[in-house]
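Keeping their order, the protein sequence lines are chains A and B.
Residue numbering for the first sequence follows the working numbering, starting at 1 and increasing by one per position.
Residue numbering for the second sequence follows the working numbering, starting at 1 and increasing by one per position.
A hint or two may mislead.
Which stretches of chain B does chain A cover? Using the computed rule of at least three CB atoms under 8 Å from a CB of chain A, they are [what the hints assert, rightly or not]:
#1 13-24
#2 53-59
#3 62-76
#4 192-204
Calculated lysine to aspartate or glutamate pairs in the DMTMM-like style (CA-CA distance at most 25 Å, straight line) [said to hold, decoys possible]:
#5 Lys38/A x Asp4/B
#6 Lys38/A x Asp42/B
#7 Lys38/A x Asp69/B
#8 Lys269/A x Asp298/A
#9 Lys38/A x Glu98/B
#10 Lys322/A x Glu199/B
#11 Lys77/A x Asp276/A
#12 Lys249/A x Asp142/A
#13 Lys85/B x Asp202/B
#14 Lys272/B x Asp142/A
#15 Lys270/B x Glu189/B
#16 Lys38/A x Glu354/B
#17 Lys270/B x Asp194/B
#18 Lys249/A x Asp295/A
#19 Lys322/A x Asp194/B
#20 Lys308/A x Asp4/B
#21 Lys171/A x Glu149/A
#22 Lys38/A x Glu35/B
#23 Lys269/A x Asp234/A
#24 Lys181/A x Glu206/A
#25 Lys249/A x Glu67/B
#26 Lys249/A x Glu199/B
#27 Lys38/A x Asp40/B
#28 Lys85/B x Asp40/B
#29 Lys322/A x Glu189/B
Only part of the chain A face toward chain B is listed, based on derived beta-carbon distances under 7 Å [what the hints assert, rightly or not]:
#30 Ala39
#31 Gly129
#32 Lys131
#33 Pro248
#34 Val317
#35 Ile321
Just so you know, the hints here were simulated from the structure itself, not pulled from any lab data.
Since this is a predicted model, take the numbers as computed values, not measurements.
C-beta: ideal position from N, C-alpha, C; glycine also.
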Amino acid sequence: MADNPDIVVIGGGNASLCAAITAAEQGARVLILEAAPKAYRGGNSRHTRNFRCMHAGPLGPLVDSYSEEEYFDDLLKVTGGKTDEHLARLAIRTSEECLPWMEAHGVRFQPSLSGTLSLARTNAFFLGGGKGLVNAYYRTADSLGVVVEYEAEVTHLELEQDEIVWVDYLKNGVSYRISPKSVVVASGGFQADVDWLARAWGPAAENFLIRGTPYNRGVVLADLLDQDVEQVGDQTQCHAVAIDGRAPKFDGGIVTRLDCVPFSIVLNKNGERFYDEGEDVWPKRYAIWGRLVADQPDQVAYAIIDAKSLNLFMPSVFPPIKADTIEDLATEMDLPVSAVRATVDGFNAACGDTSGFQPTELDGVATGGIVPAKTNWARPITEPPFYGYSLRTGVTFTYLGLRVDENAQCAIGNRPIGNLWAAGETMAGSILGQGYLAGFGVTIGTVFGRIAGREAAKHAN
Amino acid sequence: MPTDLIMEARRQAEICNACRYCEGYCSVFPALHRERAFADGDITHLANLCHNCRGCYYACQYTAPHEFDLNLPKALAEVRQESWKTHAWPAGFGQLFERAGSVLALVLVVATACLFALAQNINPASGEGFYAYISHGLMIVIFAPAFLLPLAAIGVSIKSYWRNTGGGTVQLSDVLAAARSAGRMKNLEGGHGDGCNFEEEDRFSHARRYAHQATLYGFLLCFASTSSGTVLHYGFGLEAPYALFSLPKLLGIPGGILLCLGTGALAYLKTKANPILGAPKAWGGEMAFVLLLFAVSATGLLLYAATGTAAVSALLPLHLGTVLTFFLLAPFSKMAHGFYRMAALTKEAAHERENA
Numbered sequence: 001m002a003d004n005p006d007i008v009v010i011g012g013g014n015a016s017l018c019a020a021i022t023a024a025e026q027g028a029r030v031l032i033l034e035a036a037p038k039a040y041r042g043g044n045s046r047h048t049r050n051f052r053c054m055h056a057g058p059l060g061p062l063v064d065s066y067s068e069e070e071y072f073d074d075l076l077k078v079t080g081g082k083t084d085e086h087l088a089r090l091a092i093r094t095s096e097e098c099l100p101w102m103e104a105h106g107v108r109f110q111p112s113l114s115g116t117l118s119l120a121r122t123n124a125f126f127l128g129g130g131k132g133l134v135n136a137y138y139r140t141a142d143s144l145g146v147v148v149e150y151e152a153e154v155t156h157l158e159l160e161q162d163e164i165v166w167v168d169y170l171k172n173g174v175s176y177r178i179s180p181k182s183v184v185v186a187s188g189g190f191q192a193d194v195d196w197l198a199r200a201w202g203p204a205a206e207n208f209l210i211r212g213t214p215y216n217r218g219v220v221l222a223d224l225l226d227q228d229v230e231q232v233g234d235q236t237q238c239h240a241v242a243i244d245g246r247a248p249k250f251d252g253g254i255v256t257r258l259d260c261v262p263f264s265i266v267l268n269k270n271g272e273r274f275y276d277e278g279e280d281v282w283p284k285r286y287a288i289w290g291r292l293v294a295d296q297p298d299q300v301a302y303a304i305i306d307a308k309s310l311n312l313f314m315p316s317v318f319p320p321i322k323a324d325t326i327e328d329l330a331t332e333m334d335l336p337v338s339a340v341r342a343t344v345d346g347f348n349a350a351c352g353d354t355s356g357f358q359p360t361e362l363d364g365v366a367t368g369g370i371v372p373a374k375t376n377w378a379r380p381i382t383e384p385p386f387y388g389y390s391l392r393t394g395v396t397f398t399y400l401g402l403r404v405d406e407n408a409q410c411a412i413g414n415r416p417i418g419n420l421w422a423a424g425e426t427m428a429g430s431i432l433g434q435g436y437l438a439g440f441g442v443t444i445g446t447v448f449g450r451i452a453g454r455e456a457a458k459h460a461n
Numbered sequence: 001m002p003t004d005l006i007m008e009a010r011r012q013a014e015i016c017n018a019c020r021y022c023e024g025y026c027s028v029f030p031a032l033h034r035e036r037a038f039a040d041g042d043i044t045h046l047a048n049l050c051h052n053c054r055g056c057y058y059a060c061q062y063t064a065p066h067e068f069d070l071n072l073p074k075a076l077a078e079v080r081q082e083s084w085k086t087h088a089w090p091a092g093f094g095q096l097f098e099r100a101g102s103v104l105a106l107v108l109v110v111a112t113a114c115l116f117a118l119a120q121n122i123n124p125a126s127g128e129g130f131y132a133y134i135s136h137g138l139m140i141v142i143f144a145p146a147f148l149l150p151l152a153a154i155g156v157s158i159k160s161y162w163r164n165t166g167g168g169t170v171q172l173s174d175v176l177a178a179a180r181s182a183g184r185m186k187n188l189e190g191g192h193g194d195g196c197n198f199e200e201e202d203r204f205s206h207a208r209r210y211a212h213q214a215t216l217y218g219f220l221l222c223f224a225s226t227s228s229g230t231v232l233h234y235g236f237g238l239e240a241p242y243a244l245f246s247l248p249k250l251l252g253i254p255g256g257i258l259l260c261l262g263t264g265a266l267a268y269l270k271t272k273a274n275p276i277l278g279a280p281k282a283w284g285g286e287m288a289f290v291l292l293l294f295a296v297s298a299t300g301l302l303l304y305a306a307t308g309t310a311a312v313s314a315l316l317p318l319h320l321g322t323v324l325t326f327f328l329l330a331p332f333s334k335m336a337h338g339f340y341r342m343a344a345l346t347k348e349a350a351h352e353r354e355n356a
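Please build the complete structure, drawing on both the sequences and the hints.
Structure, rendered in structure tokens:
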């Protein structure tokens, strides 16, 4: 069967599995080609934790309701209007039927995690997170006869007269060529190919950390774009956040996020502040800090807090650097001591009345007379011990992808490719032009994965 | 307590605390997520709260080959094992945990041999049933201290553990809540009610939960059977052997069968499970303990089946030998886990009550 499947699904994450399961349930013989070894299967889905879901009333773990309009408004806010309304509404409307489908295929949910109460109404959390979801889907796929090849890297899809005529892949150094009736591409973006990032972004990208899987190198994406398959998004766009600078180069995931910025001052390697740390609550601002840090020399920054702020934010994976004086902290963080001292003194002097300090809302406790100002939570950094975290740019995903229609079908010009569909991150740019809405990636993957699986099976049967 | 084991568990707990994806699996994660920093006692408490259901391991995106190399079930199992050793009383006896398998086998052989010798050489002048081989008085002389002294030792250990993990005052309702949790094996339900991961990687099943419940309830029934016999003997002057429709038999026979099935299933499942998700050094001792309990129940049932035959003369010392071994080693074998687990669950129940 590995030699002669009806459908090949490229990629091994949420979108791929939704496509494979849907197609297999319609009787198709499905082969998944996953580039990662089994231990790392699942792409960036391994790092996801929830699914943003429209619902008219309480549904599964979700309370209250979340209407299509509200969902769409939330999306418009983060994308600044760079959204394909037709496809976005399709994803939103279909999300409601996805939740019971997910449960029926083994996914289990849990109440909103501690520290994420703001998402209890809109986002359904997977028990065990994304790897739990992926494991459940692999078990379901297996029971449906789906065959999975791990460490199988697809190198080329041959396009002839608007059809994919064969798929080449490498496994254990041996190359294989198969000719399935239908092909679904669900192999993510290209963010793990740092050279490609550097070509798109400039050499600064060499210093970026990749938050997710090292296997999303965009090989299939590049191969298809080279053959003039219709593209969406811009390769210079990626979603990036500021994460702990000590995080691993790849795959650091959720635990490397740092929520301390609003209560800190953030300095660059010259010991200077460069942006308003208190501009807004962190969930609304964490995404711009990836860009801000990327613009600083060596793409690195340093957040400094004092003892009174240590317990105001979620703990992160590495303990902060700790010192009894600002000078010692600067030394330990390899920063110019006198510059840091001067910046801290200047900031402290600019702090005013802090009696209105309120960590969970915009409190208006601001600095006066310094540039850049800190417009909320501005308390002087005075109480030892002092703590420091280094910050680097962590890339979550790239926006460049394959343009699809409402059937998840790919195209050349305005001609559909007869047997090629795309789902998940690799086509998410069709819906998300910029920005990100928590849990929407899984929604796109689930909705379009199921559509792609359905259409691929319809074509194959 | 070796600090490297605690430090490794703390390193992992800190990563878990920054992730929280596993919050719904069991009692460990809510307890973990309410701390910001973990004292040694906090880690010990988490370790004894962990039922080794392994749900968190298979769901974890940071297990090896990832450089964070998380294996929380193993880290907690090793701390748990060490904590029993550390709190064992009398102090030196904690070393027995290290060689639990061979110690158990040795005690079993010696105890059985002694009882065999007694049965051969100090034949009671009169007596019915078992008492024709070993007199009631002699049994009391052996088994009363063999039961009470280890129980006292466990009491001392639990008190020391309680102090170490910062346990406060407890209400009866906390103990009852802990007993309900243990009775249901709630922490092996997996949060979603699909069970735990044990015998086949990330597949959820209730096999281990049901096997453990059969073992637990079988054991309690057997214990109740013996207790009811004691009450009948001293309270009502009704001496063994008891008829089929008597309290000791009505409790003991189903208890023995459940214990046999439960321990048999636990031993089988243990051979299927990946040992590196537990404390590898403890594997042998745990297996020996499960097999001992199996032997206790199997010899008990055989002894009942052999009533009135000559086989009793051999089966009785063998059965009593297994029981004696079980009692003597209770504070220094896997049996200890029940008491520590109850303490940890009670502490959680008290916390929940205080924060309700």
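Evaluated hints:
1. Check on the segment 13-24 of chain B: 10 of its residues sit with their Cβ under 8 Å from a Cβ of chain A, so the three-residue criterion for coverage holds.
2. Given a C-beta distance limit of less than 8 Å, the hint that chain A covers the segment 53-59 of chain B holds, as 4 residues qualify and 3 suffice.
3. Under the rule that three or more residues need a Cβ within less than 8 Å of chain A, the assignment of the segment 62-76 of chain B holds, with 7 such residues.
4. Judged by the Cβ-Cβ criterion of 8 Å, the segment 192-204 of chain B is covered by chain A as claimed, because 4 of its residues qualify and three suffice.
5. Among the hinted pairs, Lys38/A with Asp4/B is inconsistent with the structure: their alpha-carbon atoms are about 31 Å apart, more than 25 Å.
6. With a CA separation close to 34 Å, the supplied pair Lys38/A and Asp42/B exceeds the 25 Å bound.
7. Between the alpha carbons of Lys38/A and Asp69/B the distance comes to roughly 16 Å, so the proposed pair stays at or under 25 Å and holds.
8. Under the criterion of a C-alpha separation no larger than 25 Å, the hint pairing Lys269/A with Asp298/A is consistent with the structure, at around 8 Å.
9. Proximity of Lys38/A to Glu98/B is assessed by CA-CA distance (about 35 Å); at most 25 Å being required, the pair is judged violated.
10. For the given pair, Lys322/A sits about 44 Å from Glu199/B by alpha-carbon distance, which is inconsistent with the 25 Å threshold.
11. Of the pairs offered as hints, the one joining Lys77/A and Asp276/A holds, with about 21 Å between alpha carbons and a cut-off of 25 Å not exceeded.
12. At roughly 32 Å between alpha-carbon atoms, Lys249/A and Asp142/A are farther apart than 25 Å, so this suggested pair is violated.
13. For the hint linking Lys85/B to Asp202/B, the alpha-carbon distance of about 31 Å lies beyond 25 Å, and the restraint is violated.
14. In summary, the hint linking Lys272/B to Asp142/A is supported, as the alpha carbons are separated by about 21 Å, within the 25 Å threshold.
15. Restraint check for Lys270/B and Glu189/B: satisfied, since their Cα atoms lie roughly 18 Å apart, inside the 25 Å limit.
16. For the given pair, Lys38/A sits about 44 Å from Glu354/B by alpha-carbon distance, which is inconsistent with the 25 Å threshold.
17. Of the pairs offered as hints, the one joining Lys270/B and Asp194/B holds, with about 19 Å between alpha carbons and a cut-off of 25 Å not exceeded.
18. Only pairs whose Cα atoms come within 25 Å are accepted, and Lys249/A paired with Asp295/A is accepted, the gap being roughly 19 Å.
19. The hinted pair formed by Lys322/A and Asp194/B fails the criterion: a straight-line CA distance of about 44 Å is larger than 25 Å.
20. Distance hint between Lys308/A and Asp4/B is unfulfilled; the C-alpha atoms sit about 31 Å from each other, more than 25 Å.
21. Of the pairs offered as hints, the one joining Lys171/A and Glu149/A holds, with about 8 Å between alpha carbons and a cut-off of 25 Å not exceeded.
22. A threshold of 25 Å between alpha carbons decides the hint, and for Lys38/A with Glu35/B the separation of about 34 Å lies outside it, so the pair is violated.
23. In summary, the hint linking Lys269/A to Asp234/A is not supported, as the alpha carbons are separated by about 30 Å, beyond the 25 Å threshold.
24. Distance restraint check for Lys181/A and Glu206/A: the Cα-Cα separation of roughly 40 Å exceeds the 25 Å cut-off, and the hinted pair is therefore not satisfied.
25. Straight-line distance between C-alpha atoms of Lys249/A and Glu67/B comes to about 11 Å, which keeps the hinted pair within the 25 Å bound.
26. A threshold of 25 Å between alpha carbons decides the hint, and for Lys249/A with Glu199/B the separation of about 34 Å lies outside it, so the pair is violated.
27. Between the alpha carbons of Lys38/A and Asp40/B the distance comes to roughly 35 Å, so the proposed pair goes past 25 Å and is violated.
28. At most 25 Å may separate the alpha-carbon atoms for a hinted pair to count; Lys85/B and Asp40/B meet this at roughly 15 Å.
29. Straight-line distance between C-alpha atoms of Lys322/A and Glu189/B comes to about 41 Å, which puts the hinted pair past the 25 Å bound.
30. Annotation: Ala39/A was flagged as interfacial toward chain B, and the flag holds, the nearest CB pair being 6 Å apart, inside 7 Å.
31. The criterion of a C-beta within 7 Å of any C-beta in chain B is met by Gly129/A, whose closest approach is roughly 3 Å, and the hint holds.
32. Annotation: Lys131/A was flagged as interfacial toward chain B, and the flag holds, the nearest CB pair being 5 Å apart, inside 7 Å.
33. A distance limit of 7 Å between C-beta atoms decides the matter here; for Pro248/A the minimum to chain B is near 6 Å, and the interface restraint holds.
34. Satisfaction of the interface hint for Val317/A is found here, the shortest Cβ-Cβ separation to chain B being roughly 5 Å, below the 7 Å cut-off.
35. With a cut of 7 Å, the hint placing Ile321/A at the interface with chain B is violated, because the nearest CB-to-CB distance is about 15 Å.
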